[in-house]
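*Asks:* The chain contents come next:
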Amino acid sequence: MSPQPLDSLKGFAVTFRQIFRKPITQQYPEVKRPVYPRFRGRHRLWRHENGLEKCVGCSLCAAACPADCIRVVAAENTADNRVSAGERYARIYEINMSRCIFCGYCELACPFDAITLGNEYEISEYSRDDLIYTKDMLLAEPIKRVPVADRERYDTPEPAYKTRS
Amino acid sequence: MTRAPEWWVSLVQAFVVINLVLAGFAYLTLAERKIMGRMQLRYGPNRAGPYGLLQPIADLVKLLHKESFRPAAAIDWLYILGPFLAASTALATFSVIPFGPGWEIGGVWIPGQVADVEIALILLFAIGSLGAYGFIVGGWASDSKYALLGAMRTCAQLVSYEVSLALSVLGVVIMAGSLSLTEIVAAQAASTWYVFPQLVGFVVFLLAGTAETSRAPFDLPEAEQELVAGYHTEYGGMRFGLYSMSEYINLITLSGLCVTLFLGGWHGVLFTPDWLAPVWFLAKVGVLLYLFIWMRTTLPRLRYDQLMRFGWKVLLPVATVNAVVTAILVVAL
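First to last, the protein sequences are chains C and Z. So the first sequence is numbered by this note's numbering: it starts at 95 and just counts up by one. So the second sequence is numbered by this note's numbering: it starts at 237 and just counts up by one.
Derived from the structure by calculation, the hints contain no laboratory data. Heads up, some of the hints might be wrong.
In the DSBU-like style, the derived pairs of lysine-lysine whose C-alpha atoms are separated by at most 35 angstroms in a straight line are [to be verified]:
no. : chain 1 : residue 1 : chain 2 : residue 2
1   : Z       : Lys381    : Z       : Lys302
2   : C       : Lys116    : C       : Lys104
3   : C       : Lys148    : C       : Lys126
4   : C       : Lys126    : Z       : Lys302
5   : C       : Lys104    : Z       : Lys298
6   : C       : Lys229    : C       : Lys148
7   : C       : Lys126    : Z       : Lys298
8   : C       : Lys116    : Z       : Lys298
9   : C       : Lys126    : C       : Lys116
10  : C       : Lys229    : C       : Lys126
11  : Z       : Lys298    : Z       : Lys381
12  : Z       : Lys381    : Z       : Lys549
To be clear about the criterion: a stretch of chain C counts as covered by chain Z if any three or more of its residues have a C-beta under 8 angstroms from a C-beta of chain Z, and this derived list gives those stretches [stated by the list, open to error]:
no. : region
13  : 99-113
14  : 117-125
Model, not experiment: these values are computed from the prediction. No residue lacks a Cβ here, since even glycine has one placed at the ideal position from N, Cα and C.
All chains, please: the whole structure from these sequences, using the hints.
*Replies:* Dropping the structure here:
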């Protein structure tokens, strides 16, 4: 232990040494850090293999949503207009992304795994109206922009509700 | 050997020097952010222009475009006067700092500083003290408790450390036997840089100067983590920019004064043709500015009682003893 003023001087050596080290900053828009595999980002609605929507318009997601950002208006499937696999389908399915807190409760509430949260997080817009995602937008394949980290690097297993068919 | 320049030479020179100092301020902010960034394993600003070189200009444009906001209950003419007072006094102090021996170009005499004053050192301290009014007036006229408290903190700190600062240069004045900065530089060229015989004075000057310009670790007047901002809490846009500018220009002036008093002014180490003198001066000022930035990244902020104890119980006695011992030695030898 040296006296305090000398200890303070040691700090100058520490800060000076750092100049010659490479900064650890990742230059974000150019370099994207891979997100955690279970990262909760933009939502996605799914279809069955035969093209029918998984969503049956039960509104359980809307009920579970703490931010109250999901709006579902259901309608009956008819023989000549068959949209979903169930009796009813979501005529309107909207998520207000400016309200969403990405908690994933909708995903947990859904009995048919129709809605999941993807990994995309670059979803800002210039207008609030553009942040209300319609059913068509949610059903479409999102533009993959986010690198996802290798799942093997993490010891948390994929949750059962995501691996189930 | 002082020659009075033509009046228009002084005018042009003042204009050029002010603009150079302002440009120096702009790029000092960039240099500070870059160096601090590298010391903290960051890049610092690197988006505006190559290597972030246009960042000061982007900052300036941003500040100029901001709304000239004013608290409703502020005393408007004092509120506006505050930053102007601070900035103009900061710029005025640089006028007496010599950066060269003076040049004869095409029969026109260009002096080495804007104003060669016999009592330059006293003038510099006097104008510098006047600058403190800018901070106090601005803080008081804002009609905000936080700005007022910040102004009081600034005031207390400036008053405490101004004593040590003035006493620390006394040794140099005694050795050179003059208050004129040109003569102090000449005296150093004749003997040696005063940093060697006046090492104690130099260290006291640096520490007190850091406190005078309210730089870390003495940046209590604007301690970001404790206060909102200090005396400029209610300022925004270019008025805030003027306050920020005055602080940085005070730092540049202080470094220039330190170079002039202790580090031989514009004289080089071995090789000083007249035309190279400003380069030597700039190089020395640059080293000192780097030291200030380095100090900011390294040392944590003092507590208020530590600040006062350090100023009154350490710096002031050391500066006084240094001045007395220098006086005795100069008389004895």
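*Asks:* Next step is simple, just say for each hint if it's right about the structure.
*Replies:* Cross-check of the supplied hints:
1. Lys381(Z) with Lys302(Z): The given pair, whose Cα atoms are some 24 angstroms apart, holds under the 35 angstroms limit.
2. Lys116(C) with Lys104(C): OK: Lys116(C) and Lys104(C) at ~21 angstroms, within 35 angstroms.
3. Lys148(C) with Lys126(C): Status holds; Cα separation ~32 angstroms.
4. Lys126(C) with Lys302(Z): Distance ~33 angstroms between Lys126(C) and Lys302(Z) Cα, so the pair holds.
5. Lys104(C) with Lys298(Z): violated, 39 angstroms
6. Lys229(C) with Lys148(C): holds, 12 angstroms
7. Lys126(C) with Lys298(Z): Holds. Lys126(C) to Lys298(Z) sits at ~28 angstroms (cutoff 35 angstroms).
8. Lys116(C) with Lys298(Z): Roughly 30 angstroms between the alpha carbons, so the hint for Lys116(C) and Lys298(Z) holds.
9. Lys126(C) with Lys116(C): Between Lys126(C) and Lys116(C) the Cα gap is close to 18 angstroms, so the pair holds against 35 angstroms.
10. Lys229(C) with Lys126(C): Measuring from Cα to Cα gives roughly 28 angstroms; hence the hint holds.
11. Lys298(Z) with Lys381(Z): holds, 28 angstroms
12. Lys381(Z) with Lys549(Z): holds, 30 angstroms
13. 99-113: holds (count 8)
14. 117-125: holds (count 4)
Hint compliance for this structure: hint 5 alone is broken.
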